[in-house]
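Bring the two chains, given one by one in their own frames, into a single complex with the hints.
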Amino acid sequence: MSNDTTTRADVCAAAIADAFADDGEIFGSPMGLLPMLGVRLAKLTSNPDLVISDGESLFLAGVPPLFAKGDVVEGWIPFRRVFDVVAYGKRHVMMGATQVDRHGNQNISAIGDFAQPKRQLLGSRGAPGNTVNNRTSYWVPKHSPRVFVEKVDIVSGVGPRNAKAAGPGASRYNDIHRVVSNLGVFDLTGADDTMRLRSVHPGVTVDEVVEATGFTLDIPADVPVTREPSVEELLIIREVLDPKGLRFREVPHE
Amino acid sequence: MTRKPRDKRMSIDEVVATLEDGMTIGIGGWGPRRKPMALVRAILRSDLKDLTIVSWGGADVGLLARAGKIRKVVYAFVSLDSIPLEPNFQRARQNATIPEVVELDEGMFQTGLKAAAERLPFLPMRAGLGSDVLVNNPWIKTVTSPYDDGAGHEELVAVPALKLDVALVHLNRADVHGNATYLGPDPYFDDLFAMAADRTYLSVEQIVDTAGLTVDTPVQRVLLNRMMVTGVVETPNGAHFTNCVPDYERDERFQKAYAAAAGGSDEDWAAFEERFLPGDEAASQAAVAAFAEETSR
Numbered sequence: 005m006s007n008d009t010t011t012r013a014d015v016c017a018a019a020i021a022d023a024f025a026d027d028g029e030i031f032g033s034p035m036g037l038l039p040m041l042g043v044r045l046a047k048l049t050s051n052p053d054l055v056i057s058d059g060e061s062l063f064l065a066g067v068p069p070l071f072a073k074g075d076v077v078e079g080w081i082p083f084r085r086v087f088d089v090v091a092y093g094k095r096h097v098m099m100g101a102t103q104v105d106r107h108g109n110q111n112i113s114a115i116g117d118f119a120q121p122k123r124q125l126l127g128s129r130g131a132p133g134n135t136v137n138n139r140t141s142y143w144v145p146k147h148s149p150r151v152f153v154e155k156v157d158i159v160s161g162v163g164p165r166n167a168k169a170a171g172p173g174a175s176r177y178n179d180i181h182r183v184v185s186n187l188g189v190f191d192l193t194g195a196d197d198t199m200r201l202r203s204v205h206p207g208v209t210v211d212e213v214v215e216a217t218g219f220t221l222d223i224p225a226d227v228p229v230t231r232e233p234s235v236e237e238l239l240i241i242r243e244v245l246d247p248k249g250l251r252f253r254e255v256p257h258e
Numbered sequence: 172m173t174r175k176p177r178d179k180r181m182s183i184d185e186v187v188a189t190l191e192d193g194m195t196i197g198i199g200g201w202g203p204r205r206k207p208m209a210l211v212r213a214i215l216r217s218d219l220k221d222l223t224i225v226s227w228g229g230a231d232v233g234l235l236a237r238a239g240k241i242r243k244v245v246y247a248f249v250s251l252d253s254i255p256l257e258p259n260f261q262r263a264r265q266n267a268t269i270p271e272v273v274e275l276d277e278g279m280f281q282t283g284l285k286a287a288a289e290r291l292p293f294l295p296m297r298a299g300l301g302s303d304v305l306v307n308n309p310w311i312k313t314v315t316s317p318y319d320d321g322a323g324h325e326e327l328v329a330v331p332a333l334k335l336d337v338a339l340v341h342l343n344r345a346d347v348h349g350n351a352t353y354l355g356p357d358p359y360f361d362d363l364f365a366m367a368a369d370r371t372y373l374s375v376e377q378i379v380d381t382a383g384l385t386v387d388t389p390v391q392r393v394l395l396n397r398m399m400v401t402g403v404v405e406t407p408n409g410a411h412f413t414n415c416v417p418d419y420e421r422d423e424r425f426q427k428a429y430a431a432a433a434g435g436s437d438e439d440w441a442a443f444e445e446r447f448l449p450g451d452e453a454a455s456q457a458a459v460a461a462f463a464e465e466t467s468r
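Residue numbers (my numbering), protein chains in the order written: chain A, 5 to 258; chain B, 172 to 468.
No lab work stands behind these hints: they were computed from the structure. Model, not experiment: these values are computed from the prediction. A portion of the hints provided could be inaccurate.
[Unchecked claim] Below, simulated BS3-like cross-link-like pairs (lysine-lysine); rule was C-alpha separation at most 25 Å, straight line:
#, chain 1, residue 1, chain 2, residue 2
1, B, K285, B, K243
2, B, K243, B, K220
3, B, K285, A, K94
4, B, K243, B, K334
5, A, K146, A, K248
6, A, K155, A, K122
7, A, K122, B, K427
8, A, K168, B, K312
9, A, K122, B, K243
10, B, K312, B, K243
11, A, K248, A, K73
12, B, K285, B, K334
If we strip away everything but chain B, and leave its shape as in the complex, we get (with noise of 0.2 Å):
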């Protein structure tokens, strides 16, 4: 008998349970797009509490900070990209309601996940510099090259690691033992994350078996090993309302009712919770069901 590696499959449910207070969480995908939301979903109906959250934000950050799950949040933008700005974030922000707020610059926030990922404290770039990400986050440091090639010894940012306990990704397929391939046109830094972190927890729109990954698929959409990843959870439709291309796009009509009921009274806010987040993911989902049947009417 030949033994095969571990079959990583777990619940929503389970995936959450194995989460502690204070964790650091990186939440992969971009901004509104391929965004492990079932995750995100259940995670606002646990009790967890003073999270720190790295992400390059859209509703996840938004719905985690109107939920006042977040302790501290590492961000370089928070963005519905079709509706520039998320307004449960700016709700927080404009109310201080997130006591740390570290804002980096796009590219500091890859460079620091890669230094986690190649386990170094720190990663030399030019970005920041000259900049309030300096100011605002004095607790990041230059440093001096050793070398002079021709512009003396330049000071560069320093970028320290952003060390994850959590990585939670949102992919297209994977096998039980957490080989997943992403199908639309942009990796994001999914891979990034889940090296930059202890425990990666993979949802994807379907498992299927190892040789279905690449039987109609490029190996080179194989963006992460099992070796990377922690446990496997199946969960269709598991990214809504971000987009998960080309399983589906994003939901503009829901997105425009999320900002709505976001950026309006506390009523309006309470009526979407309700409607929307009301039990568990079958029931989110049956919600979102409802809404797009009459919606399209």
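Extracted from the complex, chain A is given alone in its bound form (with noise of 0.2 Å):
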């Protein structure tokens, strides 16, 4: 192992591996490359009852390297097993954001007026049908007043607030659990179900997380600073899980 500082791409694997730590034997459902890593890093530590796929249709009993194939299948989880997964609600998504709000309500859908949009995004995809299911957390690569606002364009995921006002059909199942970024970790358990600064990353200050932010966070009297990965995590992360050092392109070396 290399006597590398621990760098900040590997502080946000160990912090979204810290959002499935307590999550028991469930589908852990990473979008995106920071959120793979961090999957299986705590399927390899914290939490190896944690179910994985190739994020296409297998469910893999191994823990392959990102990217890489794997080896020993443990079963079959094609798009409609998915949505089954979804609806029996054993499932923990973490989904990027293009935009999120003051209170957890996500945007992928589209920039501007819906009807003839700046920019229009992917769609909705689950985002909507997860919220109000499982368990969903979100991975924001590069924090700013862009993608933290105050109110999103188009609600695609439902935070806690929305959905109270939905009804208990929409609140019942309602958890957004952690919004990790790459400045601090944030959860949904402010005053009125707003955003919650839990944590801030080694060598990032409270002020420049409310410098990037596009409204005012909860933020409690005293805020930890998130965790440094273990040795063993980052021997993991860099000799097993991502020897290729991927994690930088999404966390660029400060």
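In structure tokens:
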């Protein structure tokens, strides 16, 4: 193992892994590179019961490096069965967010007015269904006021306040667990179901987070520092899961 | 003499000749995966217009939008995966050239097809509640559960049936009667599309005899039964440039060229069309082969 100091990308991977640490035996479903790294790290450390997939159609018994083929397969998870598991509830998805707002609503649909958007994005994908059925977290690689906005242009993923307003059919299984960015870790336990700062990553100040956020965060009197990955975790990240350093494409060296 | 079920083989042009302006057409596959692209290309060449397209969308939606074929689109996403945003679809949305746009959650889309396949007006689900899917589609209603299972009489989304006039799907193998297998890892929802439609046209990489369908393939891979299928077309490489594994992977180089042209100037797009959508399917396939030859050098 190298003697490099721990990088921000490593801290983010461990913070994402921590979001899945207490999930038990459910389907950990990452969208994107760092979430995939974090989920696999969790499976190799804090939560070996986690069920993971190749992102296509197979449940993997082993934990292959990012984008490598899995060796042992333990199940079949084509898209139709993903929808089954969403409704069944034993799933924690970490999605991306082009915008996320003070109340934990997420937008991956379009920027601007829906009728004629300034920028058409993916579409809502599974976000509306995910957020009212299974635990959902978000990963934001570039924390900025353009992403962390007062109010999202279009609500794809449903935050807790919206869910409550829509009634128990929506709020019963709504569980927005964590928002992890390159600057810190957040949850939705602030006053009136708003976003709260849980921790700042090593080397980041609370002021920097406030500066980079387009709404008023709920900030506790004492904001802890996100933990550094252990030596074991660093070894797994660097030597096993991401020896090519793909994580630095999303979270570059400072 | 024992009599056999009907031989349903058709040509691409015969399939497209049965389609009419204003029809609701479901397109199987998923994003950039196993799309009936030969049939989509034939629609591009036709005079068809004012179509309602129902699709977990990829370049099928992008191409039809660019060609001005779509009056209404029903989708949950439009993506090329390795190129996340579909440039032709983006362009159409940002210029508001598609008159009616229905964006659903992915699971709602499946539930809508299920309702249609089961001849129900709707099926209930949670997806959509609290999101702008219901705000942007005020015609989608909720329904109150007649049962109280501990959380009161829950209000749920009454996902309307996505009834299709025609479904177009592409699989790996079929017999002449319309029994068809998928050989890749995921069936996607092609059986649901077929059952949600009045008529289903199936294109396949290869037509084999009925016994050949299961000679080295588990019977669970027979996704479509002939009772769901109206016509069968053999279109080798017919899903290009989407994937049709294990027959072939997605043509990433071609997809890049497509996205560059779609996101480029009008001249860029005109040149792409002229080169790759010139005449019939054979001409398109020949142009693709020449492109592959050229870019592999």
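- Query: Does the structure keep B/K285 and A/K94 at a Cα separation of 25 Å or less?
  - Reply: holds (23 Å)
- For the pair supplied as a hint, B/K243 and B/K220, is the alpha-carbon distance within the 25 Å limit? Holds, because 11 Å separates the two Cα atoms, which is no more than 25 Å.
- Item | 25 Å limit on alpha-carbon distance, applied to hinted pair A/K168 and B/K312 | Cα-Cα ~18 Å, so holds.
- Query: Is it true that the CA of B/K312 sits at most 25 Å from the CA of B/K243?
  - Reply: holds (19 Å)
- Query: Does B/K285 pair with B/K243 here, judged by a C-alpha cut-off of 25 Å?
  - Reply: OK: B/K285 and B/K243 at ~20 Å, within 25 Å.
- Straight-line alpha-carbon gap A/K146 to A/K248, limit 25 Å: Within the cut-off at roughly 21 Å; holds.
- For the pair supplied as a hint, B/K243 and B/K334, is the alpha-carbon distance within the 25 Å limit? With a Cα-Cα distance of about 14 Å, the restraint between B/K243 and B/K334 holds, given a limit of 25 Å.
- Holds or violated: A/K122 with B/K427, Cα cutoff 25 Å? holds (23 Å)
- Message: Between the alpha carbons of A/K248 and A/K73, is the straight-line distance 25 Å or under?
- Response: holds (15 Å)
- Query: Has the given pair, A/K155 with A/K122, been kept, meaning a C-alpha gap of at most 25 Å?
  - Reply: holds (16 Å)
- Message: Does B/K243 sit within 25 Å of A/K122, going by the straight-line distance between their CA atoms?
- Response: holds (20 Å)
- Message: Against the 25 Å threshold, does the CA-CA distance of B/K285 and B/K334 hold or violate the hint?
- Response: The hint holds at about 10 Å.
The structure agrees with every numbered hint stated previously.
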